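Based on the hints, put chain B in the right spot on chain A.
Number of protein chains: 2
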Amino acid sequence: MKTIALADYNIHVGDFQGPLNLFLEQSAYSQIFIIVDENTREYCYPILLEKTNLENHSLIEIRSGEQHKNIHTCSHIWKKMMDAKADRKVLVINLGGGVIGDMGGFCAATYKRGVDFIQIPTTLLSDVDSSIGSKLGIDFADVKNSIGLFKNPKAVFIDPVFLKTLPLREIRSGLAEIIKHGLIADKKLWDEIKDIDNLQEVDWNSLIIPSLEIKKRVVEIDPYEQNIRKTLNFGHTIGHAIESWALQSTAPLTHGEAIAAGMVCETYLSTEVRNLSDAEAEEVASYILKIYGKYSVKNEYFSDLLRLMKNDKKNANGQINFTMLDCLGSAVIDQHCEEKQVEDSLIYYAKL
Amino acid sequence: MKTIALADYNIHVGDFQGPLNLFLEQSAYSQIFIIVDENTREYCYPILLEKTNLENHSLIEIRSGEQHKNIHTCSHIWKKMMDAKADRKVLVINLGGGVIGDMGGFCAATYKRGVDFIQIPTTLLSDVDSSIGSKLGIDFADVKNSIGLFKNPKAVFIDPVFLKTLPLREIRSGLAEIIKHGLIADKKLWDEIKDIDNLQEVDWNSLIIPSLEIKKRVVEIDPYEQNIRKTLNFGHTIGHAIESWALQSTAPLTHGEAIAAGMVCETYLSTEVRNLSDAEAEEVASYILKIYGKYSVKNEYFSDLLRLMKNDKKNANGQINFTMLDCLGSAVIDQHCEEKQVEDSLIYYAKL
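Going down the list, the protein sequences come from chains A and B. Residue 68 in the working numbering is what sits at position 68 of the first sequence, and the numbering runs on without skipping anything. Residue 69 in the working numbering is what sits at position 69 of the second sequence, and the numbering runs on without skipping anything.
By construction, these hints were calculated from the structure, which means they are not laboratory data.
Here are the simulated DSS-like cross-link-like pairs (lysine-lysine), alpha carbons at most 27 Å apart as the crow flies: (1) K216(A) with K314(A); (2) K314(A) with K187(A); (3) K154(B) with K2(B); (4) K314(B) with K151(A); (5) K151(B) with K216(A); (6) K310(A) with K85(B); (7) K298(B) with K351(B); (8) K216(B) with K89(A); (9) K340(A) with K89(B); (10) K310(A) with K294(A); (11) K314(A) with K85(B); (12) K294(A) with K351(A); (13) K154(A) with K314(B); (14) K310(A) with K80(B); (15) K151(B) with K80(A); (16) K164(B) with K294(B); (17) K310(B) with K298(B); (18) K290(A) with K351(A); (19) K89(B) with K314(A); (20) K188(B) with K2(B); (21) K151(A) with K216(B); (22) K89(A) with K79(A); (23) K314(A) with K80(B).
Residues from chain B that keep clear of chain A, each with C-beta distances beyond 12 Å, as calculated: (24) K188; (25) S206; (26) I209; (27) E220; (28) S286; (29) K294.
The structure presented is a predicted model; accordingly, all values stated were derived computationally and were not measured. Quick reminder that beta carbons are idealized off the backbone N, C-alpha and C, glycines included.
Isolated chain A, as found in the complex:
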């Protein structure tokens, strides 16, 4: 059991039973709502009930998947809370991956101008990514996370017990963010990761904790993404565009698969715009391809992908904003390049 303390809430890593029961005992909520999807209802909700004293609560079920992270699902959640006469003293428990954490948090933060919520991430991705940093929101007009806000949860409970309920593809998706944390800030973590061959034999806590420590350091210095927090966007400018694009295709990618491809492209850009060596770029590309395989990014997708990148929240004054690497373990923010170079990076990836 490890507790990571942030300014006004704690992240508990390990068995949630003790700390969650203590949290509930010390609170006096008028009602408790648990948000689940069909998967977390089946695999995670029973574990939650077994370990806690959550006698009276209401379950709000939404459909799983990024395609449901939208304003219609928010209306469904708000309506359920309204119908149950939820007042301002209720607690919302988000039991699920990033979609539930981001959207359930957004709904809680805007219901009657804000009620308390806690995050119980159930995927490796949400363990190391959305569980920390207080970004809440939904997708809108085909752009990921384009509507939302920043607000801290009351607590986060990260328990590896839930990882056992996940398919391997979901584990791979989460690993991409851990890789990112290593590449932007912790060469030692990256060296540890690149020795992993078998994802079924990993002691996840030993990767989750350093990964959270990196993210904590960054978001505490820069909660609203004015500067250093942008390092966390490495791989995400191109990765988000690929993810949005794939979402509309017949073969959607997981977030991590898209970000993995984005990291390869942006590693290439780092050799063009910054001084990252070709050898370092190859080290990254070859590990990522070993774990993730390759997504087919054809030339005819390029204009769509560029359009999506231009609509990215991270941009300012019409320029596409990138985070790049100066070496493995060190990132630099607010980088720009020619559109041609972005296309070159996609060609580089396609030719690997």
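This is chain B only, laid out in the frame that chain A set:
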């Protein structure tokens, strides 16, 4: 020209030309969006353009009226911003009454997790009410302001020039909030108001400024409505219910008309639950009836009205929460009463 300084923004009361141009010169926004409705586009937008150097900007027009203060209109606003490739460095100018201020502010506060906005209220109601206090939001599931958040604008510009564009009914609507400020916190202000017979001959700044000073004092002590800010809810528990009810009828009321009726009812409750004298209650009722006339609240509406009150944000633990008066100029929060007494207050109003 008077400037009221809050912790992190200023409210300028008087001619906006100087302070708004200065604000714009000192900023470096990538784009400017002005939100208007068909009325403020016709009557207020030309005044804004004439007095400022707003050369490049995009206009977003929405339909006027509380019935459009909903998530569909938000989607329209977000979509317009997205289509214009608005990044995080844009400014949103909300040029209108409370609907535009609350909803435009909510859209700005959630677009790409938050962009800057300023409020230029154009009605007396928004001058003294929504312009200060940072409550943003929309109506949802027939409940007013049930989705929203707290966020400060970058600045507020209150200029009486816009009041000349308003019909008398809108002026009366705003006066209700000034009456409320007097009743809850400033006997002197109340005494001044109750001498007003002709609403067309009022020096509004002399009422707006003390009214804003009262609201400022309250929201600075208690920004998130944990305690003293609830005094501002006087008249609003029953008033909101009447307003929501009327909104669905063929004869909708303005916010102020509904709150005026609510204040009469809650003044009656203050004589029942607190020690307000019958003479004081009569003084309030007779002035309000003189200005607002009487809305027909029939017995058969009572169950609907009670249902709406029970769904009010201000409630906790299933009890309807009221702010009441101990005397004219002094309010007390978190008061409760029997449902029967609420009905009695409606009967009292109906029989006046």
